Amino acid sequence: MLFSTSLIAVILSPRRLQITNTRRESTICELTFPTAVLAVKLNRKRLIVVLEDQIYVYDISNMKLLTTIETSPNPNAICALSPSSEKCYLVYPRPVPTSPSPFAPPNSAISTTAVAGVSGSGDVIVYDASTLKTIGMISAHKSPISALALSSDGMYLATASDTGTIIRVFSLPLGTKMFQFRRGTYPSKIYSMAFNLASTMLCVSSATETVHIFRLVDPNTASSAMDTSASQMHAASGLRPRSGSSGGSNGSNTDLPGAPFDANADNKRRSTSFASLIRRSSQSIGKSVVGAVGGYLPQAVTEMWEPQRDFAFVRLPAATKSVVALSSNSPQIMVVTSDGFFYLYNVDMENGGECILTKKYS
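Residue 180 in full-length UniProt numbering sits at position 180 of the sequence shown, with consecutive numbering throughout.
Any given hint might turn out to be false.
[Stated by the list, open to error] Calculated lysine-lysine pairs in the DSSO-like style (CA-CA distance at most 27 Å, straight line):
#1 Lys64 / Lys142
#2 Lys360 / Lys189
#3 Lys177 / Lys189
#4 Lys64 / Lys87
#5 Lys321 / Lys142
#6 Lys177 / Lys133
#7 Lys133 / Lys64
#8 Lys64 / Lys45
#9 Lys359 / Lys321
#10 Lys360 / Lys321
#11 Lys189 / Lys321
#12 Lys177 / Lys142
#13 Lys189 / Lys142
#14 Lys45 / Lys87
#15 Lys45 / Lys133
#16 Lys189 / Lys133
[Stated by the list, open to error] Derived DEER-like restraints, expressed as beta-carbon distance ranges:
#17 Leu132 / Phe342: 31 to 41 Å
#18 Ser26 / Ile356: 21 to 31 Å
#19 Ser199 / Ser26: 44 to 54 Å
#20 Pro97 / Pro75: 13 to 23 Å
#21 Lys189 / Leu12: 22 to 32 Å
#22 Ser61 / Gln180: 32 to 42 Å
#23 Thr22 / Phe342: 15 to 25 Å
#24 Glu209 / Glu86: 23 to 33 Å
Calculated directly from the structure, the hints in this document are not laboratory data. Source: prediction; values computed, not measured. Just so it is clear, CB atoms sit at the ideal spot from N, CA and C, and this is done for glycine as well.
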């Protein structure tokens with residue numbers, strides 16, 4: 001579907017694509033391709049049809065074929081089109097180099113075979129679908145690319161490899177690395193990635209039961225905020241009992257004058273505050289060490305120390321294939337799973353942590 005319009009692309013059979021106007025209940029056109037259609041991408045300027053080893057680019061105003069892009073075998077249809085009409089970028093894995101056939105004679109010009117079984121290298125091609133020109137190539141990962149996502153304004157590109165432990169975000173069109181996030185320690189296949197409308201959050205789902213939400217903020221800004229938070233917690237963790245404004249949700253407060261004093265509860269609160277202070281302070285110190293020592297070490301080594309992890313997460317009932325999206329008008333995340341469930345979670349933008357399930361449909 002083209003955004004919220006009545007234009008819908010329907011794959012009627014593996015090789016046949018139909019463009020339909022649901023409001024007028026009419027068929028605009030039908031397109032037949034040499035192999036199965038694996039994915040369809042649309043914005044207000046272009047229609048992109050992804051086959052296993054080709055990408056077709058159409059002008060959506062008249063459905064004219066503009067160009068065909070040859071790719072390496074891409075059975076998972078790894079490709080992304082920017083929703084923006086101004087920055088109409090198309091990204092896909094760089095085709096792997098071809099190798100000569102062992103059965104062909106030397107110096108044969110036609111004896112080349114593509115490396116089978118992979119969708120490409122860890123490099124990403126950035127293609128301008130408006131001008132039909134390649135802008136450049138981004139060396140995103142060492143392993144083959146497994147997932148790509150573009151922000152709504154076309155300014156950010158998120159990439160993930162087959163390993164699935166590191167998510168990187170690049171600015172376009174220059175390809176400068178802006179953010180690097182750690183999804184987890186163990187490898188996992190990335191199924192879906194999505195930016196929010198303001199390009200301030202990135203949501204990632206994988207083969208595990210956890211959906212991660214990352215904040216796109218400057219690490220230096222985040223470090224300053226953490227230092228401030230640590231200072232505030234240090235001031236609050238003194239020997240004097242805390243004020244009544246920080247009481248529990250049940251309305252009772254043992255710190256009020258005349259209220260019974262619970263020594264165990266008070267010690268527990270102090271211990272929790274002190275532990276949080278130590279944890280946050282150690283993170284801040286770690287960032288300072290990285291900043292001081294990072295200039296003397298190779299980039300690959302300093303990147304291993306980057307502590308940017310998710311600020312919020314969703315725990316699904318089971319580890320199934322899923323597609324995620326972030327709401328455009330509220331801090332909510334939507335998850336659709338392959339077993340037929342739709343989940344809606346609220347995201348705590350101040351404290352992060354585990355998101356709260358608000359709706360579930362099957």
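Tested hints:
1. Lys64 / Lys142: violated (37 Å)
2. Lys360 / Lys189: The given pair, whose Cα atoms are some 25 Å apart, holds under the 27 Å limit.
3. Lys177 / Lys189: holds (22 Å)
4. Lys64 / Lys87: holds (20 Å)
5. Lys321 / Lys142: holds (24 Å)
6. Lys177 / Lys133: holds (22 Å)
7. Lys133 / Lys64: holds (17 Å)
8. Lys64 / Lys45: At roughly 11 Å apart (the allowed maximum being 27 Å), Lys45 and Lys64 satisfy the hint.
9. Lys359 / Lys321: holds (19 Å)
10. Lys360 / Lys321: holds (17 Å)
11. Lys189 / Lys321: With Cα atoms ~10 Å apart, Lys189 and Lys321 stay inside 27 Å; holds.
12. Lys177 / Lys142: Judged against 27 Å, a Cα distance of about 15 Å means the pair holds.
13. Lys189 / Lys142: holds (15 Å)
14. Lys45 / Lys87: holds (11 Å)
15. Lys45 / Lys133: Answer holds: Lys45 to Lys133 is near 15 Å, not above 27 Å.
16. Lys189 / Lys133: Not satisfied, since the Cα-Cα distance of roughly 31 Å exceeds 27 Å.
17. Leu132 / Phe342: 31 to 41 Å: holds (38 Å)
18. Ser26 / Ile356: 21 to 31 Å: violated (44 Å)
19. Ser199 / Ser26: 44 to 54 Å: violated (36 Å)
20. Pro97 / Pro75: 13 to 23 Å: holds (19 Å)
21. Lys189 / Leu12: 22 to 32 Å: Holds, at about 29 Å.
22. Ser61 / Gln180: 32 to 42 Å: Holds, since Ser61 and Gln180 (Cβ atoms, about 39 Å apart) stay within the stated range.
23. Thr22 / Phe342: 15 to 25 Å: holds (21 Å)
24. Glu209 / Glu86: 23 to 33 Å: violated (38 Å)
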